[in-house]
Structure formats: C-alpha cells, structure tokens
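Peer 1: Full structure from sequences and hints, please.
Position 103 of the sequence shown, counted from 1, bears residue number 116 in our numbering, the numbering being contiguous throughout.
Take the hints with a grain of salt, since some may be wrong.
[Unchecked claim] In silico DSSO-like cross-links for lysine-lysine, where the CA-CA straight-line distance does not exceed 27 Å: (1) 142 - 156; (2) 304 - 128; (3) 80 - 37; (4) 294 - 283; (5) 156 - 128.
[Claimed, not checked] Derived DEER-like restraints, expressed as beta-carbon distance ranges: (6) 268 - 42: 43 to 51 Å; (7) 310 - 73: 40 to 48 Å; (8) 105 - 49: 15 to 23 Å; (9) 210 - 273: 27 to 35 Å; (10) 73 - 42: 12 to 20 Å; (11) 227 - 298: 32 to 40 Å; (12) 289 - 194: 21 to 29 Å.
Just so you know, the hints here were simulated from the structure itself, not pulled from any lab data.
The beta-carbon is built from N, C-alpha and C at its ideal position, and this holds for glycine as well.
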Amino acid sequence: MTQSAPTFIHIGIHKTGSSTLQNKFRTHASIYYVERAEVRNAFIGHSLDFNDKPFESETERAVEQSKALVMSHERLSGYPASGGFDRELIAGRLAQSFPDAKILIIFREQSHWIKSFYQQYVADGGSLKLREFLTNPQPQIYKLPAFELDYLNYHQLVTLYHDHFGAENVLALPFELMAQDFNAFAARLNTFFGFDLELVNELTNQSRPLLPLLLMRLVNGTIGNTQLSPGGFVPLGYLKLATKFLGALPGARSFDDRISTRYERLINEKIEGHYDESNRKLASLVGIDLKPFGYRC
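Peer 2: Written out as structure tokens, the structure reads:
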C-alpha cells in the first residue's frame, strides 16, 4: 500500500495568476510537483476506464523525499467556454483519488474575469463576438455546452469542494488579494500549506493587444480550424504565431482603450445584478469582505 504524502490540489480558476503559482510550485524544495499535462491526462476526459489511483509512483517519491505532492491545473475547475460542464465529474474524480487532499481555489471579480477570459477564448480559437459569447442563443435546448454566466457563481464551486473535501480543507481566495496585497495573500497560502512557499510578486501572462485579437476572431472558424470554431483549414498554432507577430508591431495597442471601453460597457450591461446573491454567499463561505475588492454584493 502506497504511503500518502501531504497533497495539495490547485484547481484554478482560469485567469487568476495560475502561471505565477505553478512556476513557484515547480521549483520549490518542499514540493513534488506533478506537471500540468499529467494532471490533465489523469482527470480530464470521459474515459470509462478512469484510473482512480493515479500518481502512485510520484506519491512514493514525495514520501521518500519528505515533500508535499502538489497538482495545479486551472482546467480542473471546468473549461469556461463550455460552461464547466465536467466540473462535478472532475471534482468527484479528485475526491476519489485523493480524499485527504487540500484544495486551493482562486477566484476573480466577474466583470474583470470575463474581459480577460474572452481574450483567451479568441486566442484559443473562438469566433463569437463578445455579446454572442455572453448570450447562449438556445439555452432551453443545450445541444452543446457553452459559456454561461452561472459558471461564475463562485459560491457553487466552493460549496462543491466543501462537500467533497470538507470546508477545513479548502482555501478559496480572491485574485485581487494577490494583485493588491501580495504579502497578505502569501501569508494565507503559507498557513494553508504549512511551510514557506517563498512567494514573490511576479504575476505573468500580461494582457494581449486587442486589435490583433479582433483580427484573429474573424479568421477563427473560416481560415482557422479549432475545436472552438471548426471548419477552417489552417491549424490554430500558425494563427497564434501570426497574432503574436501582429501584436509586436508598432501601434498594435493603439485601439486598446477604445475596444476595452466597449467591452466593459457590454459586460456591465449583461451582468447587472446577476452575481449579487452569489457573491454574498461567497463572502460568507470564505470569511472575506469582498466589497473592497470590487465585487458586486
């Protein structure tokens, strides 16, 4: 029987500084880090022969080295553009495989999150306009999973993991704490992990220039062939390279303010009042006053 190691699972969500945390997890002396691709292959997908005892050899090595076993992948919270349709399936698999794990969740104020993720959605191959992305055209049919505003009802995600792992084993923090008071954020994480993560404030993944993204949205699904927008004939990787090239040209950010203002107006109109009750429940669950961080309560 494999001896257990202290196990921590960071499930995202997307666009909340995951790369910064993963870079630290990967190199920390007290952590045996399971790479993202291995985590994805173990827990994501609908294979009927799911292995409920993954990473046995990794656990053994973590025990031998007196390290904590750490997994981190934002996809574990469900992919946003598909409405997190497999979120509960993944949570159940994690609980089945590592019932004694501690869970880390980072969330972000909804309007800022939508603006940030929509840019990733286009870079990932999406072709919907922002207004279309925020509006399921046939919500009563559900033939295919799509983004839904309720994906960002964070209290539901936190409650799901409380139910599986116990509230005492789940730490949920606002991304804004990381961005605005990094020392306080680091202190909360160090208490949770039980050792010094030696965190420094080095948030990565800067926002992309918006004009090249608009151009990319136009070719996704027509020229580009992606899972989000099938039908084109050029693999997405080539389009991503083209977008990076366009984004590096002088003037690539010249329309950022105008496009950003339009995005913010559309988002605020769409989500007006939608998250008030959820955020009130979330504040109670995590024991943090979220209003100073801009959450609508």
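Peer 1: Which of the numbered hints above does this structure break?
Peer 2: none
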